[in-house]
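Novice: Here is how the chains run, residue by residue.
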Amino acid sequence: MENYDLIVIGAGPGGYPAAIRGAQLGARVAIVEREQLGGTCLNWGCIPTKALIHAANVFATVQHADRFGIKAVIQTVDYAGMIAHKDKVVGQLRGGIRQLLAANGVTQLTGTARFVDRQTLAVGDQRVRAQKIIIATGSTSAMPSNLPASPRIVESRGFLERSSLPSSLLVMGGGYIGCELACMAALLGVKVTIVELLEDILLLLDADVRREVRQVMEQQLGIRILTGQPMEKIVASDRDVSAQVGNETVRADLLLVAVGRKPVTDGLDLAAAGVKTDDKGFIPVDEFGCTNVATIYAVGDVTGRTQLAHNATSQGIRAAENALGKARSRYESLVPGVIFTVPEVALVGMTETEAKAKNRAVRVGKFRFGGLGRAIAVGETIGFVKWIVDEATDQLVGAAAVGPHATELIAEATVAIRSELTARELGRTIHAHPTFSEVWMEAAHAVHHECVHAPPRRK
Amino acid sequence: MPNPIIMPKFGQMTEESAIVEWRKKEGERVAKGDVLFTVETDKSVMEAESFFDGVLLKIVVPPGVNVPVQSVVGWIGEPGEAIPETPPPPRPAAKPATATAVAGAAAAARAPVAETPTVIVPAAVTAQTPSAPARFRISPRARRLARECGIDPTKITGSGPGGRITERDVRAYLMAHDYDRLRITPAAKALAIREGIDVLSLRKDGERVTVADVERAIAEKPKPLSRMRQVIAQRLLQSKLTQPHFYVTVSVDMTELIAYRNGLKASGLPYTITDFISMAVVRTLQEFPTVNSSTDGKTVRWYSHVNLGLAVSIEGGLVVPVIHQAEMLTLREICDRSKQLAEKARAGKLTPDEMSGGTFTISNMGMLNVENFAAIINPGEGGILAVASTQKQPVVRDDQIVIRQMMKMTLSVDHRLVDGALAAQFLNSIKQKLEDLDLWKTMT
Numbered sequence: 002m003e004n005y006d007l008i009v010i011g012a013g014p015g016g017y018p019a020a021i022r023g024a025q026l027g028a029r030v031a032i033v034e035r036e037q038l039g040g041t042c043l044n045w046g047c048i049p050t051k052a053l054i055h056a057a058n059v060f061a062t063v064q065h066a067d068r069f070g071i072k073a074v075i076q077t078v079d080y081a082g083m084i085a086h087k088d089k090v091v092g093q094l095r096g097g098i099r100q101l102l103a104a105n106g107v108t109q110l111t112g113t114a115r116f117v118d119r120q121t122l123a124v125g126d127q128r129v130r131a132q133k134i135i136i137a138t139g140s141t142s143a144m145p146s147n148l149p150a151s152p153r154i155v156e157s158r159g160f161l162e163r164s165s166l167p168s169s170l171l172v173m174g175g176g177y178i179g180c181e182l183a184c185m186a187a188l189l190g191v192k193v194t195i196v197e198l199l200e201d202i203l204l205l206l207d208a209d210v211r212r213e214v215r216q217v218m219e220q221q222l223g224i225r226i227l228t229g230q231p232m233e234k235i236v237a238s239d240r241d242v243s244a245q246v247g248n249e250t251v252r253a254d255l256l257l258v259a260v261g262r263k264p265v266t267d268g269l270d271l272a273a274a275g276v277k278t279d280d281k282g283f284i285p286v287d288e289f290g291c292t293n294v295a296t297i298y299a300v301g302d303v304t305g306r307t308q309l310a311h312n313a314t315s316q317g318i319r320a321a322e323n324a325l326g327k328a329r330s331r332y333e334s335l336v337p338g339v340i341f342t343v344p345e346v347a348l349v350g351m352t353e354t355e356a357k358a359k360n361r362a363v364r365v366g367k368f369r370f371g372g373l374g375r376a377i378a379v380g381e382t383i384g385f386v387k388w389i390v391d392e393a394t395d396q397l398v399g400a401a402a403v404g405p406h407a408t409e410l411i412a413e414a415t416v417a418i419r420s421e422l423t424a425r426e427l428g429r430t431i432h433a434h435p436t437f438s439e440v441w442m443e444a445a446h447a448v449h450h451e452c453v454h455a456p457p458r459r460k
Numbered sequence: 008m009p010n011p012i013i014m015p016k017f018g019q020m021t022e023e024s025a026i027v028e029w030r031k032k033e034g035e036r037v038a039k040g041d042v043l044f045t046v047e048t049d050k051s052v053m054e055a056e057s058f059f060d061g062v063l064l065k066i067v068v069p070p071g072v073n074v075p076v077q078s079v080v081g082w083i084g085e086p087g088e089a090i091p092e093t094p095p096p097p098r099p100a101a102k103p104a105t106a107t108a109v110a111g112a113a114a115a116a117r118a119p120v121a122e123t124p125t126v127i128v129p130a131a132v133t134a135q136t137p138s139a140p141a142r143f144r145i146s147p148r149a150r151r152l153a154r155e156c157g158i159d160p161t162k163i164t165g166s167g168p169g170g171r172i173t174e175r176d177v178r179a180y181l182m183a184h185d186y187d188r189l190r191i192t193p194a195a196k197a198l199a200i201r202e203g204i205d206v207l208s209l210r211k212d213g214e215r216v217t218v219a220d221v222e223r224a225i226a227e228k229p230k231p232l233s234r235m236r237q238v239i240a241q242r243l244l245q246s247k248l249t250q251p252h253f254y255v256t257v258s259v260d261m262t263e264l265i266a267y268r269n270g271l272k273a274s275g276l277p278y279t280i281t282d283f284i285s286m287a288v289v290r291t292l293q294e295f296p297t298v299n300s301s302t303d304g305k306t307v308r309w310y311s312h313v314n315l316g317l318a319v320s321i322e323g324g325l326v327v328p329v330i331h332q333a334e335m336l337t338l339r340e341i342c343d344r345s346k347q348l349a350e351k352a353r354a355g356k357l358t359p360d361e362m363s364g365g366t367f368t369i370s371n372m373g374m375l376n377v378e379n380f381a382a383i384i385n386p387g388e389g390g391i392l393a394v395a396s397t398q399k400q401p402v403v404r405d406d407q408i409v410i411r412q413m414m415k416m417t418l419s420v421d422h423r424l425v426d427g428a429l430a431a432q433f434l435n436s437i438k439q440k441l442e443d444l445d446l447w448k449t450m451t
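Protein sequence lines, in the order shown, are assigned to chains A and B. Residues 2 to 460 in the working numbering are what the first sequence spells out, letter by letter. Residues 8 to 451 in the working numbering are what the second sequence spells out, letter by letter.
The hints are simulated quantities; they were obtained by calculation from the structure and are not laboratory data. Just so you know, not all the hints are guaranteed correct.
Unchecked claim - With a cut-off of at most 20 Å between alpha-carbon atoms, the simulated EDC-like pairs for lysine to aspartate or glutamate come out as follows:
# : chain 1 : residue 1 : chain 2 : residue 2
1 : A       : Lys-327   : B       : Glu-334
2 : A       : Lys-359   : B       : Glu-214
3 : B       : Lys-440   : B       : Asp-360
4 : A       : Lys-327   : B       : Glu-222
5 : B       : Lys-32    : B       : Glu-22
6 : B       : Lys-39    : B       : Glu-22
As the list claims (entries may be wrong) - Taking CB as the label site, the calculated pair distances span:
#  : chain 1 : residue 1 : chain 2 : residue 2 : range
7  : A       : Ala-81    : B       : Arg-190   : 38 to 48 Å
8  : A       : Asn-360   : B       : Glu-350   : 49 to 59 Å
9  : B       : Gly-213   : A       : Gly-112   : 38 to 48 Å
10 : A       : Ala-393   : B       : Pro-70    : 15 to 25 Å
11 : B       : Ile-225   : A       : Arg-458   : 26 to 36 Å
12 : B       : Gln-241   : A       : Ala-393   : 45 to 55 Å
What the hints assert, rightly or not - Counterexamples of contact, computed for chain A against chain B with all Cβ distances above 12 Å:
#  : residue
13 : Arg-375
14 : Asp-395
15 : Gln-396
The C-beta atom is built at its ideal place from N, Cα and C for all residues, glycine as well.
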């Protein structure tokens, strides 16, 4: 039986960085993967959707290029061509991970890992042992149990594997996955209806941010958004899918189900290792990533903490260091979130709603992209950013951006918040002109009503 | 002419009190009988009502400041009326006479000195809390620099006249303490300055000082104990320092009494095990007057009544309501009175008089799953009985090991009054009563 210092189960964005970090620290490391290197993120999540969303945005840009004096005629939109581009991207990145693992001397095992005891795993016919094990098995789309089986009903992975777009699309769930794919499809001319059970889509955002996105999605992209009602009586026929929403019957060629994600632990036999799960099947970990078993760690979606690839990567690196006896460090708690809707949205730290719920006295500084030279020059003036600032100490505690390049811009806010900067410090920092990033500086000035590029507050 | 609001005297022992909260704002109209403010005495929080109709013109004593009772804490009058510079003489305090009278009785025995007549201090004077020692002198520029840097100026030695700290002193201090090399996040610094925490005290080796570090320092800052805990601290320390304790423990077989009590409960009677223990203690104290006494080391005072204290744990501490003249009560009366006092204690409604005058106390931790514990005597009392949980135990009866419901009791007594043999007799007498079912059948 092969003996390792560290075995990582799952080669997604949490697992493969853990394995590489382990190897960097001089450990003998193996990684087990039953599907594709890169996990959900690379194969059926972040990366493929971004390839397609970009393609859709290119289409929209060309469509509206005449305002810049460019007259273009679009011959066709070849969705299969977009899918081919996506597949090429995914293939390239997968190859990159394989090479990185190999270059670091990580043994790659293919198959489903099963715990025999807390230090032994069975992978196919093979048995392997390790001092420390990191579980990074991720999550998969949750599907309501009452859905009929039909090729017309897909979750996000199934949606991305299709080589053609439907002419109309129903989306169950107004979370970020549903909204991103809805925007992409709508840009390419698909008639989209989103049905969300709760009172609004993207509920983790503050109301002002939500309003901004929803307005563009509805008015510019023509997406129908039905909220506060469940989707019931779902019937799939040869011709279409129909469902009841309130008093109305909605129909479309395809139903995309995006109602959340559940942990993947099937076949692991966690009980054989004594690893406990919570009532939803997630594996709880302490702030160092350790499960209830001292030699077994867990990272990423399977832990039930913020389910985002970059969080998994950060946790994977921490967990490998903690497992291999480096000075222990806690999982990072500041996790930015990015949503590739039209317009893009991003947030980090505390929202205004959370601050209110925690009775924390905060001030808000907002600035609209419409006040920036660069934004006007390139015709991208929708949206705003805002800082949430501790009233007593002026500390930046949260930020949100909705508008052009919001997903890139959030990086500055993340660094600033983690560095515990104050709004004054941030506002004093020179931001290059003309760039979108100036918006953060202006919003920081706005916290103290000292904005140069906005009218004074009415007394 | 506006009427003064006087800090009322709740209970005979109270010498000073602090206002917890003003229920009325300056400028607000109040009617006679309205609650003006709440007061923390050394025993509980009480409400103070207005004796006058009018407008609350001025609050003299802010919340949290201890002032002698009978001080002027505010003024009620009509808008525009001038408030006198010096408070008018307070209403005659009729209390000293009563206090002395009571001092002769058992209830006041715990007060080491007879109560002195309250000295009236102008409220405005006591309300001021000195912000720094009188001799601390610093120039405004130096003070500002120290504040901007987030350092504690009282640690700086001044070179100016009379030891006054100058800006140069602050700069030299910063230099000497490597202030330039202190790494602290902007938000952490802002928070430290706001909370008055010396940033130099936060310095870490090589690492940046973060908001979390400052929050830890804030959490560790000494804060005043609650008034209740201060009283507990003062009284228990007094007891431990002046009353030499010793301890005796016995095990009581509660099997039959518990079965008997369960039978009573099933027939709708409210007795608890504690009531039986209380009654047994009251009876036994009458047999052993030496235990129901107190001493100052020179004289001994035997109390003619048994005033039984019952320790009740409440949010943030504990209180000891007293069943006065418990020897006059039937078991049922002890049961009802205990229940009533415990409810008042948990609701924070005990009056100071209901919490004073005890001669002996029972502390029952039976419901807290403990095998045994020893309690500290309430100052001025002769002893305290600590009652632990009843647990099934193997015991020997007629040379057979059997399972019985056993309860340990530990007596703490003042050795100046009681010696080992007497303590043993006293405690065993309680034990015998609790194990004697026939006794209880006559009482229920």
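Novice: If a hint holds in the structure, say so; if it doesn't, say that too.
Specialist: Now for the hints, and whether the structure bears them out:
1. Lys-327/A x Glu-334/B: violated, 70 Å
2. Lys-359/A x Glu-214/B: violated, 29 Å
3. Lys-440/B x Asp-360/B: Distance ~30 Å between Lys-440/B and Asp-360/B Cα, so the pair is violated.
4. Lys-327/A x Glu-222/B: violated, 27 Å
5. Lys-32/B x Glu-22/B: violated, 26 Å
6. Lys-39/B x Glu-22/B: Given pair Lys-39/B, Glu-22/B is violated - Cα atoms ~25 Å apart, limit 20 Å.
7. Ala-81/A x Arg-190/B: 38 to 48 Å: Distance hint for Ala-81/A, Arg-190/B is violated at roughly 56 Å.
8. Asn-360/A x Glu-350/B: 49 to 59 Å: violated, 32 Å
9. Gly-213/B x Gly-112/A: 38 to 48 Å: Given range 38 to 48 Å: holds, Cβ gap about 45 Å.
10. Ala-393/A x Pro-70/B: 15 to 25 Å: Given range 15 to 25 Å: holds, Cβ gap about 21 Å.
11. Ile-225/B x Arg-458/A: 26 to 36 Å: holds, 33 Å
12. Gln-241/B x Ala-393/A: 45 to 55 Å: About 35 Å separates the Cβ atoms of Gln-241/B and Ala-393/A, which means 45 to 55 Å is violated.
13. Arg-375: holds, 27 Å
14. Asp-395: violated, 6 Å
15. Gln-396: Since the minimum Cβ distance to chain B is about 3 Å, Gln-396/A lies within 12 Å and the statement is violated.
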